[in-house]
Amino acid sequence: MKTSTAPRPTTSAFRVIRRRRNTRALVVTCSLTLAVGALFVLTMMVGSFQLTAGEVIASVLHLREDPSVDFVVQGLRLPTAASALAVGLALGAAGTIFQQLLRNPLASPDFVGINSGAGLAAITGIVLLQAGGLAVSGLALAGAVVAALLMYVLAWRDGVAGYRFILIGIGATLFFDGLIGYMLTRAQLSDARQAMHWLTGSVGQADAAELRLLLGAVVVLLPVALVLQRQLRALELGDDAARALGIRTELSRAGLLATAVVLTALAVAVAGPIVFVALIAGPIANRLLGPATGGIVPAALVGAALLLVADLVAVHLLPTPLPTGVVTGAVGAPYLLWLLATTNRQGAGG
Amino acid sequence: MTRLHAEGVTLGYDDRPIVTGLDVQIPDGRVTAIVGANACGKSTLLRGLARLLRPRDGAVYLDGKAMTGLSTHEVAKTLGLLPQTPLAPDGITVADLVARGRYPHQGWFRRWTGDDDDAVTRALDATGTSDLVNRPIRQLSGGQRQRVWVAMALAQDTDLLLLDEPTTYLDINHQVELLRLLRKLNAESGKTIVVVLHDLNLACRFCDHVIAMADGAIVAEGAPTAVITAELVEKVFGLACVVVPDPVAGTPMVVPS
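The listed protein sequences correspond, in order, to chains A and B. Heads up, the first sequence is in the numbering used here, so the first residue is 4 and it goes up one at a time. Heads up, the second sequence is in the numbering used here, so the first residue is 946 and it goes up one at a time.
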C-alpha cells in the first residue's frame, strides 16, 4: 500500500515541532523566572545605601541578623519590590487573558474600562469617605467588578463583534475618567493630592494590608489561570468550536474573566492604575514563545520584569524620582501607536 | 435507532423557534447531506444535533442517551463538529491548530501522550496537510485552510463528524476536493458524516443520504436518486428545473429550466 510508509516521516515532523516548542516554552519560562528573580534582588540593592546581592538575600530570607540592613531591606525596599513583583504578575496575567478572550491586542484591562472603574471607586473612597488601606482595595475591587459587568451587559450580546467591545470600553473609560475629574474638584486639597498620586500609579505607595491581599490573590489565582489555560486556547477558536471540543464556554469564560478582573482590581488597588503593562506583557511573551502560544504564566513573568525595570528607572535612573506609571506610560504609548498603525494595515485587529 | 437521532426537537434563537417538533435519524456509517434554501433551518438543525443549541422541546440522542444529560467533554470524544466560521488566533501555525483538536482527550491534569501525536499525524496525513505543519494559517489558501480545519476536527478522533457548510468559501475545484476527502474518510474508517451543503448537485454526487429541508421542516429524505426530483427542487428552492442523470456518476443533476 502507498499509505503504509507515509505516517512515519510526518510523525517525526510533528513530534519534532512539538518537542522544539515545548523546549522553547521551558527555556523561556525558566529564563524569565531567573530574570524576574535577579531584578527583584537588584531593586533592593540600589539606592542611597548600596547593598550586595548576598546581603539582600540574607535579609529577605532571615538568614542573618543585621539591624541596619534589615531596616533598609525589610522596612523600606522589600514592600516596594514585592508590590512591583505582585502588581506586574497580576497585570501581565490579566492583560493576556483579556486579549485572548476578546481576540484583540487592544483589549487589555486599561482600555476596556476595568482600570477606570476601579479607579473611580477608589478615588470616591479616598475623597468622600477618607478611606485608606483595605477599604480602598475593597472599593477598587467592587468598582472593577461593576465596570466588568457593565461591559459584559453592554458589549457581549452574542459574543464579541470586532471593535465594539473596545469602543464601548473607551467610552466607559472616558465616562469614568470624567467622574474621577469631578470627584477631584470636590476634594480637599490634601485628599486631591493623595488621589492624584494614586491615579498616576506607583508601586512605592503600597499599603501592607493591600499588598498581602494582592500577594495572596496572585498565589491562588495564577495556578487557577494555569488550569484554565486549555479552556482559553479553545475559546480563542470561537464559541462553537470550543463547545464542539467539549468546553463549557460560559463557565470557562466566567472563570477566566473573574480571575482577570480580580487580579486587575487588586493590582490597581495596591499601585494605582499603572498603564500599558497589561497591554504589552502578553505580546512580548508571545514574541518569546512563538506566535499564538498565549502562555499566561510567561506573560505574568514579563509583566513582573517590566514593572521591576520601570520601578528601577523611575526611582534610580532619572534625576528626580517619578511614579512608576509615568515610566510605563512613556514606554507603552509608542507601542500603542505602533499597534494601531500595524493592525490597521493588516486589518487583523478586529 | 441510529447512534445520532432527534425526537420532536424544537430549536431556535431567542424567542424565535426555527425548527419545530422535528424527528430525524442520521444513518450510521454514511455520508449525509442536509440541503435547503437559505434560512430554512439546516444549520440550526446541525447545531442542534451537535448540542450547540439546547432544544426547547424534545431531545437529541447520542447512543441512546439524551445529549443534554451527558457531559459535554464526554460527547466531544464521540461527536466532532466543524463550525461555519471558526476563528484562527493571530499567527497560529497549522501544527498548533490541529493539536487543539485533541482537547477532549485531555483532562485537567492529563498530559499530551503518544496517542495524541499519532492522532494529529493521522489527521494531517488524511487531509494532505502534513507539509504545511510549520506554516501560519493566514498564509494558506482558502482550500488549504479548510483542509487544516478538517484536520483539527479529525484529530478529535470521533466516530461522528458534523460539518456546517464547509464548502462555502471554496472554488469548485476545492469544493470537490473537500467532498472527496469526506468520502475517503467515510470509506476508510466508517465515520458517520453529516454535512450542510448549498450545492444540490455536489450533495447528490458525494452523499449517500440527503435530508431536504424547507421552513424548518424535513420535506424529503433518502438516497439522492430517490429523493431529488424536479418537484422537490421546485418545492424546496422555488426553482423550476429539470433533473437529469449526472453524465459521469449517474446521480441526479439539477439543471434550471
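Careful, some of the hints might be misleading.
As the list claims (entries may be wrong) - Derived SDA-like pairs: lysine to any residue, alpha-carbon spacing no greater than 25 angstroms straight-line:
#1 B:K1022 - A:H200
#2 B:K1022 - A:L79
#3 B:K1022 - A:S255
#4 B:K1010 - A:R251
#5 B:K1136 - B:K1180
#6 B:K1022 - A:G40
#7 B:K1022 - A:Q234
#8 B:K1010 - A:A16
#9 B:K1022 - A:L254
#10 B:K1129 - B:H1119
#11 B:K1010 - B:K1129
#12 B:K1010 - A:T252
#13 B:K1022 - A:L339
#14 B:K1010 - B:I1117
#15 B:K1022 - A:R251
#16 B:K1022 - A:A61
#17 B:K1022 - B:P1034
#18 B:K1129 - A:A16
#19 B:K1022 - A:A195
#20 B:K1022 - A:Q232
#21 B:K1022 - B:R1067
#22 B:K1022 - A:E253
#23 B:K1129 - B:P1034
#24 B:K1010 - A:L254
No lab work stands behind these hints, which were simulated from the structure alone. Note that the coordinates shown come from a computational prediction; the quantities given were computed from them, not determined experimentally.
The hints, checked one at a time:
1. B:K1022 - A:H200: violated (55 angstroms)
2. B:K1022 - A:L79: violated (56 angstroms)
3. B:K1022 - A:S255: holds (19 angstroms)
4. B:K1010 - A:R251: holds (19 angstroms)
5. B:K1136 - B:K1180: Cα-Cα ~32 angstroms, so violated.
6. B:K1022 - A:G40: violated (42 angstroms)
7. B:K1022 - A:Q234: Distance of about 16 angstroms is within 25 angstroms: holds.
8. B:K1010 - A:A16: Cα-Cα ~40 angstroms, so violated.
9. B:K1022 - A:L254: holds (20 angstroms)
10. B:K1129 - B:H1119: holds (15 angstroms)
11. B:K1010 - B:K1129: Status violated; Cα separation ~29 angstroms.
12. B:K1010 - A:T252: Given pair B:K1010, A:T252 holds - Cα atoms ~22 angstroms apart, limit 25 angstroms.
13. B:K1022 - A:L339: violated (42 angstroms)
14. B:K1010 - B:I1117: violated (39 angstroms)
15. B:K1022 - A:R251: Roughly 14 angstroms between the alpha carbons, so the hint for B:K1022 and A:R251 holds.
16. B:K1022 - A:A61: With a Cα-Cα distance of about 53 angstroms, the restraint between B:K1022 and A:A61 is violated, given a limit of 25 angstroms.
17. B:K1022 - B:P1034: Answer holds: B:K1022 to B:P1034 is near 23 angstroms, not above 25 angstroms.
18. B:K1129 - A:A16: Roughly 24 angstroms separates the two Cα atoms, so the pair holds.
19. B:K1022 - A:A195: violated (59 angstroms)
20. B:K1022 - A:Q232: holds (20 angstroms)
21. B:K1022 - B:R1067: Holds, because 16 angstroms separates the two Cα atoms, which is no more than 25 angstroms.
22. B:K1022 - A:E253: holds (20 angstroms)
23. B:K1129 - B:P1034: violated (29 angstroms)
24. B:K1010 - A:L254: With Cα atoms ~24 angstroms apart, B:K1010 and A:L254 stay inside 25 angstroms; holds.
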